[in-house]
Every structure is written in structure tokens, then in C-alpha cells.
Amino acid sequence: MTVLFYLLALVATVATFLCITERHPVHAVVYLVTSFFSLAVIFYLLGAPLVAAFEVIIYAGAIMVLFLFSIMMIRPEVTEIDLHPGFRDWWPALLLGGILLAALGYTIFSQPLRQGTVSPGEIREFARLLFQKYGVAVEIVSLQLLFALVGAHYLGGRRR
Amino acid sequence: MGQMPDTLDLLITIAKLGVILVVILTLAANLVLAERRLLAWIQDRQGPNRVGPQGLLQPLADLIKLVTKEDLCPDGADRWLFLLAPAMAAIPAILTFAVIPFGPPLSLLGREIPLQVVDLHVGVLFFVALSSIAVYGVALGGWASNSKYALLGGIRGLAQLISYELVMGLSLAPVVMLARSFSLNDIVAAQADLPFILFQPVAFALFFISILAECKRTPFDLPEAESELVAGFHAEYSGLRFGLFFVGEYLNVIVLGALATTFFLGGWHGPLLPPIVWFCAKVSAFCFLFIWIRGTLPRLRSDQLMQLCWKVLTPVALGNILCTGWWLTIKP
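Chains as they are written, first to last, in this note's numbering: chain A, 1 to 160; chain B, 1001 to 1332.
It is worth saying that the hints were derived from the structure and are not from the lab. No residue lacks a Cβ here, since even glycine has one placed at the ideal position from N, Cα and C. Keep in mind that the hints are not guaranteed to be accurate.
[Stated by the list, open to error] Computed beta-carbon distance windows for the label pairs:
1. Val1312/B with Glu22/A: 46 to 54 Å
2. Arg75/A with Lys1069/B: 29 to 37 Å
3. Ile108/A with Phe1288/B: 54 to 62 Å
4. Lys1069/B with Leu143/A: 52 to 60 Å
5. Met1306/B with Leu129/A: 56 to 64 Å
6. Val1312/B with Ile99/A: 46 to 54 Å
7. Gly1319/B with Gly135/A: 19 to 27 Å
8. Gly1052/B with Phe126/A: 52 to 60 Å
9. Gly1319/B with Phe126/A: 23 to 31 Å
10. Ala1015/B with Met73/A: 40 to 48 Å
[Said to hold, decoys possible] Computed far set for chain B versus chain A, every beta-carbon distance over 12 Å:
11. Val1019
12. Leu1027
13. Asn1030
14. Val1032
15. Leu1060
16. Leu1072
17. Trp1080
18. Ala1159
19. Arg1180
20. Asp1193
21. Pro1201
22. Leu1240
23. Arg1299
24. Arg1301
25. Asn1320
26. Ile1330
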């Protein structure tokens, strides 16, 4: 199990790294999908098959497919970009990444690690949490998505 | 489950995997022959009947032909993706067999052997996840071929598969609501008295239409429309790689037929005959239905395909979920 975990973690890291450095958009998509897959298997190993399934269905199966669809439709040219961006270009990334890393470090060192448990009622508990405890929040997020959809339709329709 | 899996359990699992792999690959090859002969009869022809009695050895001859053909890779194609795409199309279909229960647990030498490789409690989601991955084989195969026909086929396939996947997922929600479980074993067990098709005829119709679209068969065979796109996403493939795409399609027919059996026709449940016979009969009936439809219906247009999915099937599926919810709440 541990060997498998480190193997998958290695695959995920290398694939994500290649996804960033790869210049060809379609290849980058394929690397990112590989990375999502290894993440899904890692979730499964950690005793969260539901999260693993969602990872594949939503990220690998829906979002990346839409990426691929738009890349195939508009066929962007592989552009030569400046490989040595100055400080001006990457300070926002540095700032946001720093905040993320600090939060992660704080979480790891301030709380004891909790062991994940496998239970057949996992889906039931998950659904209760999602639609009863946090029901209002879920509805608000769905409404936001609806706004985005209507907005996209309006913007897309105006061009014609 | 508490005990550690011992060597015998491992051997049994490996044996099950091997048997399933051999059986479904053989079935898929023979389904090609069955389709050619049935289509021929529908069109008042004879079909391939020269190799062996009634043409039964035709799959073998086809295999030899495919193996000995040259494995072409067109100029300007994206070599790695081009070579990998056929496998991406066939592997999800084979993997889905892992969660399908073929029959009740078998008692052999005092040991319970479930006729299913693994009983995941997220079985339905496992199937949905795999079917959403199957898109990549078509899309990348079409894109990597560096050909306009293949690219158009790939884009069509992509749009079609992601649209109909939604309907398929929504049509499975009532089944899960009735069975109160995502495990395929529990779904079959819930249909011990009456199959779900009697409670959910609308969901069954939706599921059947969307699996027709999922395996890219007439009337939804736009990704490979021969008359306009040559052969669509697999136009540039030759030899065994073409064979993999081809067999992948038939594997999909079998696996989706088996899933429709499991979700709506009560799986292996049935009177008199042994369960495994019932299961095979139901799956064969689905395969026949697929071939029959191909011999009968014309192809849809691209816009009709999308209109049907988004403006007809999706609202009906959502309404069906709502009605099922109401029914389950007011039911005593």
C-alpha cells in the first residue's frame, strides 16, 4: 500500500510538472488527466472511493474534456513564449502560492493527523452533510453557476 | 471480510479476471459476425457465410487479416497519442466488467465465490467515471491523426459523448433511489421480485437511448458517418489498432447491454432457468436490439442529435427524478 502510494504520488507530481512545462496544449491536457487519475487512485487508497469517483467523473471526465473540446475546436498555434519571465510577471503567483503553502503548513503542524475510515454508509453521510447541513450554501453556489450560465449565453448570443 | 485475503482467494480472483477477459473478447469478435449476418438478412442478402459452417470461422479469419496488416502511422500525426488512442477507447469498456454481477454467489468446496470481480459500494459511479473516460480514445484518436475527417469525427464524438453522458447519469438516479444503494449487487437484489423497468419505463427509455449514443451506433453514429466523414475518428487507423477501435465498440455494446440488464431487467433474476443463463439471454437480447436498430433506423443530423439531448431528454430525465422522489415520499 505504501509503495503504491509513493508510486502514484510520483506519477502525479511528474505529470503535473510536465503539464506546466509542456508547450503543446493537447499534451498538457493529457498529462493533467494522468495526474487526476493518480490522485483518484490515491483517494481510493486513503479510503475515500466516493471522492475518487468524483475526481474522475468531474475533473478528468467533464472539465478536461471541455478543455480538450475547445482546444480541438479553435486549434491554437503553439506560441513561443518568453521562458524567463521577470519578477513583475510572477509575483502574484508567488504571493498566492506562498499563502497556500503557509496555510497548508499551519494545518499540518497545528492539528494531529486524523485517520480516514471506510464505512459503507459513506455516501449517505456525505449526502446528509451536503444537502442538509450545508444545503443553503450548496443552493447559493448552484445559483452562482446559473448566473454564470445565463451570462455566458448572453455574451455568446450578442456576437451573432 | 475481516480476514486477510489468502493465496486461494487471489487465485480465484485472477481466474475470474482471465475467464471474463477471454469470454468477452471472444463474444465481441463473434458479435461482429452476428451483426454482419443479421444486417445482411435484414437487407435480404446472405452475409459472410464462406469461412467455416455458416461463416462461424469468419472472426478468426478477420483476426489473422488484421494482425498481418501493416501498422501505419500517418505523416504529421502525433505519434504517441496516435498509438495510444485505440487502447484508451477499449480499456474502459473492459474495466467496467469488474463491477457487473453475473449470478448469485457460487458455493464451491465450502467457499462462497461471488460471480463478480469486485463489489464496490460506489459501483454505479465507477461505471459513470469509466464511461466519461472513454471519450478520450475517440477525441485524441481523431485529433492525433492529423486529418480533417478524423478531426471532425473526433470533435463530433466528444460533443456527443459528453452530452449523452449527462442523460445517462440522470436516468440512473431513479434506479439508485429505488434500490437505495450505489452497489450493483444491491441493485440486483432489490429487483428480486419485480424488475425496475416496470417502475421506471421512462428511465429505461432514456438509458437505452443514451447507451445507443454512448457506443456511437446508428442512429447516433455521427462520429464515424461513412457517407460524409469516410470513417470519422478512426479513418487513419490500420491493422490491429483499427481492430482495437472496432472490437472496443462491440465490447461497449456488450458491457452496456449487461449494465442495462443489471439496472432495469433484474440482472440474473428469472424463473426456472439457472441465473447465468438468464443473464446471458438478457444481454444477448440487448445486443440483438442494437443490431436490429442499426438495420432499421437512419442517421440523425448533428443539430438534431444535440436538440434531442438537451431540449428533450435532459428535461424529461430531471422531471422523472422529481416524480420518483415524490412517489418515494408519499408511498406508505
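To see whether the hints hold, each was checked on the structure:
| no. | hint | in the structure |
| --- | --- | --- |
| 1 | Val1312/B with Glu22/A: 46 to 54 Å | violated, 40 Å |
| 2 | Arg75/A with Lys1069/B: 29 to 37 Å | holds, 31 Å |
| 3 | Ile108/A with Phe1288/B: 54 to 62 Å | holds, 58 Å |
| 4 | Lys1069/B with Leu143/A: 52 to 60 Å | holds, 56 Å |
| 5 | Met1306/B with Leu129/A: 56 to 64 Å | violated, 36 Å |
| 6 | Val1312/B with Ile99/A: 46 to 54 Å | holds, 47 Å |
| 7 | Gly1319/B with Gly135/A: 19 to 27 Å | holds, 22 Å |
| 8 | Gly1052/B with Phe126/A: 52 to 60 Å | holds, 54 Å |
| 9 | Gly1319/B with Phe126/A: 23 to 31 Å | holds, 25 Å |
| 10 | Ala1015/B with Met73/A: 40 to 48 Å | holds, 47 Å |
| 11 | Val1019 | holds, 25 Å |
| 12 | Leu1027 | holds, 27 Å |
| 13 | Asn1030 | holds, 31 Å |
| 14 | Val1032 | holds, 28 Å |
| 15 | Leu1060 | holds, 35 Å |
| 16 | Leu1072 | holds, 21 Å |
| 17 | Trp1080 | violated, 9 Å |
| 18 | Ala1159 | violated, 7 Å |
| 19 | Arg1180 | violated, 9 Å |
| 20 | Asp1193 | holds, 24 Å |
| 21 | Pro1201 | holds, 26 Å |
| 22 | Leu1240 | holds, 22 Å |
| 23 | Arg1299 | holds, 22 Å |
| 24 | Arg1301 | holds, 19 Å |
| 25 | Asn1320 | holds, 19 Å |
| 26 | Ile1330 | holds, 20 Å |
Of the hints listed earlier, those the structure fails to meet are numbers 1, 5, 17, 18 and 19, in rising order.
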